[in-house]
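Asks: Sequence:
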Amino acid sequence: MLLAAQSVSAADWVVSANDGKYQRVQGRDTYPDNAKPDTLTVLDASVLPPTVNQTVEVENGIQGPPQAAAISTDGKLALVAAPTRYDSATQQLQMDTFLQVVDLSAKPATVSRIELGSHPQAVAFDRSGHWAVVTCVDGGVRPLRVEGNKVTLLDRIGIAGKRLAGAAFTHDGQHLLVSLRDESGVAVLNLVDGHWADSGDRVSTGVAPYTIDVSSDGHWAVVSNVGLAGLANYKGRLLGDADSVTLIDVSKTPFRAVQQLTVPSVPEGVAISPDGKWIVAQSIDGSNLLPDNPGVKAHGTLTLFALRDGHAVKVNQVADGNSSQGVVFSADGKHVIVQFNVEHQLGLYSIENGKLVDSNKRIEVSGGPSSLRSAPR
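Residue 123 in full-length UniProt numbering sits at position 123 of the sequence shown; the count goes up by one each step and never skips.
One should not assume that every hint holds.
Label-pair ranges, simulated between beta-carbon atoms [unchecked claim]:
id : residue 1 : residue 2 : range
1  : G236      : K107      : 46 to 54 Å
2  : G194      : T253      : 28 to 36 Å
3  : R113      : V313      : 42 to 50 Å
4  : G310      : G173      : 19 to 27 Å
5  : E57       : L239      : 34 to 42 Å
Note that these hints are calculated values from the structure, not bench results. Quick reminder that beta carbons are idealized off the backbone N, C-alpha and C, glycines included.
Produce the complete structure using the sequences and hints provided.
Replies: So, in structure tokens, the structure goes:
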């Protein structure tokens, strides 16, 4: 008797948080009546196009770095930050101060809240599944202990006097990188005797560091720097100037920035392939500006870099959506998912013959996608 072996591939979990109440119209913020609820879309990117596993109602907003959602390696738990509500009576956006814990193993999924005392920005899981973290606008990092579907808030670690943004654990789980959005630079936290502590080390970046991603080969981290547009209460008109992405060597301590890469304006998201071979930066590139602004453009731009001999080399650029947000690689490093905010879609791209190309395939989501992360790899 011949027995046919059936190969079963593991899921490649990705989550997209979607702001249902907000709509950008020709560069202006609007909050339409009878808006849809904010949602979390859970995707399996092990197949192409990725399949939608489930959609859960949460509270989320576009204001802040597009790393306000995360999913555990086993796909059973998600965290959602950046909770916002729009008060139509006062026409004011309310910034809430809780973290949402989504138990995806429950049928249907359940959502609970952890009060933080400050508006949360980015969330991240480590590869072991034992740790998570949330950054806040009060300059504090909140480490989280994860045990199954239970998430426990630990101490507050104050590392800045102003807003924090993106966060990412290194591949070995011994360090945490956090963007100092208003003060610039990246703070390095270390795991010491089972506790997280600020090492005091800082890594140079561009202006207003935002999102952070790390490679699974333990060598590289990348940081998007959104420039003057990312600073609090910045006065003056911005015209779509070039901004930057920072390449950091995390293969040995102390970590060091080794290259500053020029990209189009406001790189909301940046991702490095798990194998450390490719970097993709998603830049709004003037697509968020008013119609009379000389820098306005119809769509954003994806820039692909190849990592060769310890430095990054620009390969090509392709168009993406209007005011696009987060970007992630698939686990095999061959495909890229991008959030098209205005269009309420996820755009799918591939690396073919050494260049980034648009597959012209799209996934519809409920609301404007605002945060995007894959499970730790």
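Asks: Against this structure, judge whether each hint is valid.
Replies: Status of each hint after checking the structure:
Checked against the given bound of 46 to 54 Å, the beta carbons of G236 and K107, roughly 51 Å apart, stay inside it. Between G194 and T253 the Cβ separation comes to about 19 Å, which falls outside the hinted range of 28 to 36 Å. Judged by the Cβ atoms, the range 42 to 50 Å given for R113 and V313 holds: they are separated by roughly 45 Å. Separated by about 24 Å at the C-beta atoms, G310 and G173 satisfy the suggested range of 19 to 27 Å.
For E57 and L239, the Cβ-Cβ distance of about 38 Å falls inside the hinted range of 34 to 42 Å, so the restraint holds.
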